[in-house]
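**Student:** Next come the chains, spelled out residue by residue.
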Amino acid sequence: MTIGRSGTYSLDEVVNKFRAEGRIAIVGASLAGLRAAEALREKGFNGSLTIIGDEAHEPYDRPPLSKQVLKGWVPADHTKLPRLRRVDADWKLGVAAVALDRINHVVKLANGEEVGYDRLLIATGTRARPWPNPAEGALQGVFTVRTVEDAAGLSAALKARPKRVLIVGSGFVGSEIASVCRDLDLPVTVAERGKGPLMGALGGVISEIAAGMMRDAGVDLRTSVAVERLEGDDAGKVRHAHLSDGTVLDVDVVVASLGSIRNVEWLDGAGLAAGQWGLACDAGCRAFDINGVVTDHIFVAGDVARAPHVLYDYEFMSQEHWDNAVFGARVAANNMIHLEVGRRPHLPLPSFWSGQFGVNIKSVGVCSFGDEIVFTQGSPSERRFAAAYGKRGRIVGAVTFNHGKWLPYYASLIEKSAPFPPPPPGYDRPVDAEAVPARFPDPREPAGNPDVVLTGHDPTDRSAEFRPRA
Amino acid sequence: MRLVVDLNKCQGYAQCVPLAPDVLQLVGEEALAYDPNPDDSQRQHVLRAAASCPVQAIILELDPPADRDTL
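These protein sequences, in sequence, are chains Y and R.
For the first sequence, my numbering begins at 12 and goes up steadily by one.
For the second sequence, my numbering begins at 0 and goes up steadily by one.
Just so you know, these hints were derived from the structure itself, not from any lab.
It is possible that some hints are incorrect.
What the hints assert, rightly or not - Restricting the straight-line Cα-Cα distance to at most 20 Å, the calculated cross-link-like pairs of lysine to aspartate or glutamate (DMTMM-like) are:
(1) Y:K91 / R:D38
(2) Y:K82 / R:D66
(3) Y:K206 / R:D38
(4) R:K8 / Y:D279
(5) Y:K91 / R:D5
(6) Y:K54 / R:D66
(7) Y:K119 / Y:D279
(8) R:K8 / Y:E426
(9) Y:K206 / R:E28
(10) Y:K416 / Y:D334
(11) Y:K82 / R:E28
(12) Y:K91 / R:D66
(13) Y:K91 / R:E28
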């Protein structure tokens, strides 16, 4: 701390002036963007705040869109997020950011406007991967599910009692939608390219249980099969799906649940470490540039972020979890207005839930980091159990089916890198309590993008794909 | 009014469900489904339901903050 002559430079003064008068721009007006804005105001940022979002809606919650909205209980535009406090921001909704000029500290918008910033938070999230053939994707009755418009369209299509729904891809979203279709007593076929549902996230052993759940509920589940072509009628409505095994299905609604694409294209040319798995940042949410040098003024939070995690060998982790958006937003906001000692790490233990076929599936940790699985509590055949995943003798993840009360126990073991198999609870042990291979798919096999991805830190590591610049 | 339930925190104790059955419902043994933007007539029910949660998973916005309607 400097004392004495006026004009003597002090970083503390710079920070205080920034907190009082600085300009922060947040690109991304969904869960992470909103919670970051609230956290900034809560922590004493009084400067100007601009929030930019490409959707023409105030921030809304997405998980209900594939569940109670599709069932018809809740209208699609009734998932607006509760506000924790006032944010006094300049909201620019319905306009996308199209470029970033790091030298002049400017975000360029699609309508030609330019937004200046002193510090920037990038929370642009992901979008649903579209149907690969645009003409087929434009057929009436073909949907992806990510936005409120998607959910409104699909719930109306389901309400019209289609003769058969085809869901392409059986990750968590595809499986949830299949479950809703069965709740509505609609015939539904799920076409999965890999060996089974939820393979990428939970492995082959759990996938078999999930497949059993689906089939018992009346889903026509077809695995190891791709949908090669969709065919429409003269009115432009989808009518048939041609599968890779030669079958042709008559379908009137097709849901493409093919995973997500990170919204990083707008950062082309900005020289940041942005790519297929998102925008890389440090564990304090500051973005890396393309050379691996951390920036000073650019922060990242939510689905678009990719950060090293101490519990997983410091591999860069990319998560599409609700918690990650909420916690990451708060840490980024804190770190945007603090210097070194005041900054905090964002080291979330991935946490996830999915309600489908009457079962509450929850998981914690990175199950796909493990190679073994052991059932520790309950009964797999009754579909109520807890199971732990291990790698080289330590627990790295856990999954529960209708056993959510026990998940925090496994979370505490994972945080301590406790031994695997974990100590048995002493009661309610499954008949088969031996550790077995978890059977995650070979990265070279076609499978979807799971909700948590460890993208490695070795350029030759096959879990990340490097493509040369065109 | 608006609410969001932190479904990571939720462990299915379901203390909330009987207190606000039009807003919060149990699906199967443990999963929770809810109406995020219920009518204001549900206010008292939702307040009681939120207070009853042993893990405090229900996040409420009873009245909009002063800046919300300037969007």
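**Student:** Could you work out which of the previously given hints the structure breaks and list their numbers from low to high?
**Tutor:** 2, 3, 4, 9, 13
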